[in-house]
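Given next are the chains, with one letter for each unit.
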Amino acid sequence: MNASLRIIGPNFSGRSRALCDLLSTQSRRNTFYVGPYAESGLSGIGATVGEELGFYGFDGNEHSDIRLVDSFAARQNQRVATLSGGEQTLLAIKCYDLSGCNILGIDTALEQLDSKNREGALLYLSRLHLSGRKYCIIDNRQMCEIPNGDTMIQKVENDEFPLTLDGIVRTCPAHRAPKIAIRLLQFSYPRSARVFTNVSLTLSGGRAYRLHGPNGSGKSTFLRLASGVLKPTSGILYLDGKEYYPNRRGNEIIAWAMQDPDHQWVATTVQSDLSIKIDALRGRPYACLPTSTAMGTYLECFGITKKADHHLLDFPKALRKRLSWLWPLSGILPWIALDEPTLGQDRNTVLSLAQALTQIIRRGLGLMFVTHNEEFASLIPHETLVFGDQTIVPQEVA
Amino acid sequence: MSSTGLVFCVIVISITLFLPQSLMALLPPTIFVGIFLAVERRKETLKAISYGFVIIFPILLYLSIVWILIVGAAPGSNSRQSAFLYVMTLCSKLFLFVVFLQSTLGSRLAIGAMRFLSEVRLPKGIKIISAMTLSMASTIRASAEKAWISLVANNLLSPRIAWKNLRNFIRFILAIWMSIVGTVAMRLQTKWALEDVRQRLGDHFSSAHERSFTRRDFLWAGHALLTMGLTIAFKLR
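Protein chains in written order, with this note's numbering: chain D, 108 to 505; chain W, -11 to 225.
So here's chain D without its partners, still in its complex pose (with noise of 0.2 Å):
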């Protein structure tokens, strides 16, 4: 292997097993693994900041080459699950960077971190041959020529979950979502600084919104706190300009896709999830209710008709990612949340997923999304919501 190591293919393909074997045959003392998710990017022995960089030889002073936006130095004591997806990889980097290992994989990790971070952690790799250091990766992301570098390339014969939304932006019903007002939003969590101070501003439906900012902003904060899962220190939401309180009364309008598709999973099959939650609606003004034969359109577009009983933690994490979209893209609830939907995901699926939406929106639903993909930024028609110094900036519409 040379200084670096790019590994490129569909999802499915096998890229993920190929990295890890390659990595199992080197010395296990030599490498390090950056995983997709927070839970095979850190090791999770430490429970917080501090720990987990003590794990892997931090002693206290700031004395490596490495030079990341945050250095976490001021932040020992923070528990590492309180971090953004981002902010955990960014962690994870510098710990690889304390243990003295050899070789480091990568899989997909980088697509967390916003530009800045994104560039700063790609020029730190371009420099690692440097110290006779390598490193191996998985990217879905444009990605810069690396000098002295080596690519595989990984195909796939049978496509086993052929992706086509076509069939739920069919079923998806046409409804105005409502117009969301934010009056004088304050918020912070106990014992911490502020997040947002006095913030105000109206999203309309029939739109996008792309929350933006770099991580640790506040962008899944404020996802909460509409969702009703917080409550704002203070100021009021309005609902086409009645009142609303989320918190009191529960999520009456926005369906979310989390960062990690494991951590929205209310059963265990992807029918049973979405019936439980459709259950939890009934009765509900905003909820549009789908018909008898959407279910079979639903599995058909994940391409898991055949495997529609199977256990969801059975299936491969890519396609648990996807399934993830299910929930708000049936469009029973009028306004779609997702948090960092294209992660892991090929060009391809991110093509048709920004597609899906941009009919979707046409139809009348709002769409807020977080995402650090610039190319999947661009394919929908949106506005930015710029997070940042405690507040939320509305920007031109792109």
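You may find that some hints are simply not true.
Computed cross-link-like contacts, DSS-like style, restricted to lysine-lysine with a CA-CA straight-line distance of at most 30 Å [claimed, not checked]: (1) LYS262(D) x LYS414(D); (2) LYS413(D) x LYS262(D); (3) LYS349(D) x LYS338(D); (4) LYS112(W) x LYS338(D); (5) LYS286(D) x LYS152(W); (6) LYS349(D) x LYS286(D); (7) LYS241(D) x LYS223(D); (8) LYS262(D) x LYS286(D); (9) LYS286(D) x LYS338(D); (10) LYS152(W) x LYS338(D); (11) LYS152(W) x LYS349(D).
Bear in mind the hints are in silico, worked out from the structure with no lab data behind them.
Use these hints to put chain W onto chain D, whose structure you have.
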């Protein structure tokens, strides 16, 4: 107190707490725990006691219904009064155990399990197993938080007190389980397997600076052993 002294006291007092079979025999460990809280954990005493109440109260309720109301007798006897004493003794032991554990290991582990394990003088194998087990604890906590978010966002749970929280509790457990299995399976198959985390833990603990008994530790260890002796004497009387 050093981590090693703390672990010694926890082991001795834990064994001591499970010796007594009457409320009277619980007196020595109760006094020990009381003095320990007053001297070593002044500010955290109330927190530890309330923690104990939260954990033990549902158990007390359940055992009271089963043994006092339904069965109506303690094992080996046939009076309701014996059932009452049986339940009270059992719950008092558990209460003291939870309070002591929370005020000693609980607070230390909350600050940093790895630091605590690095300092404590224990066989390396036990430390490695403990670190791996404790990593599960933080995984469970993170999974519970994520599952909570998912179920609230999907209207299956409410952040307020509501009947649906009781009705959908089993779904909450299932969601936590799904999240844990997804996380642990992925971690074991990839990260831990590829990096040989067990070996790395071994290296980490080998190079760590272990702290041995201090004078304060000897004092508390002596008291703990004395408490154990007194409890055994109560039991034999």
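Verification of the supplied hints:
Between LYS262(D) and LYS414(D) the alpha-carbon distance is near 23 Å, which keeps this suggested pair within the 30 Å criterion. With a CA separation close to 24 Å, the supplied pair LYS413(D) and LYS262(D) stays within the 30 Å bound. Using a Cα cut-off of 30 Å, the hinted pair LYS349(D) and LYS338(D) holds, with the two alpha carbons roughly 18 Å apart. Pair hint LYS112(W) plus LYS338(D) does not hold up; C-alpha atoms about 45 Å apart against a cutoff of 30 Å.
Proximity of LYS286(D) to LYS152(W) is assessed by CA-CA distance (about 28 Å); at most 30 Å being required, the pair is judged to hold. A C-alpha spacing of about 10 Å is found between LYS349(D) and LYS286(D), which places the hinted pair at or below 30 Å, so the restraint holds. With a CA separation close to 23 Å, the supplied pair LYS241(D) and LYS223(D) stays within the 30 Å bound. For the proposed pair LYS262(D) and LYS286(D), the alpha carbon gap of about 45 Å is over 30 Å, so the pair is violated.
The hinted pair formed by LYS286(D) and LYS338(D) meets the criterion: a straight-line CA distance of about 20 Å does not exceed 30 Å. Simply put, LYS152(W) and LYS338(D) have alpha-carbon atoms about 19 Å apart, close enough for the 30 Å limit, and the pair holds. Proximity of LYS152(W) to LYS349(D) is assessed by CA-CA distance (about 25 Å); at most 30 Å being required, the pair is judged to hold.
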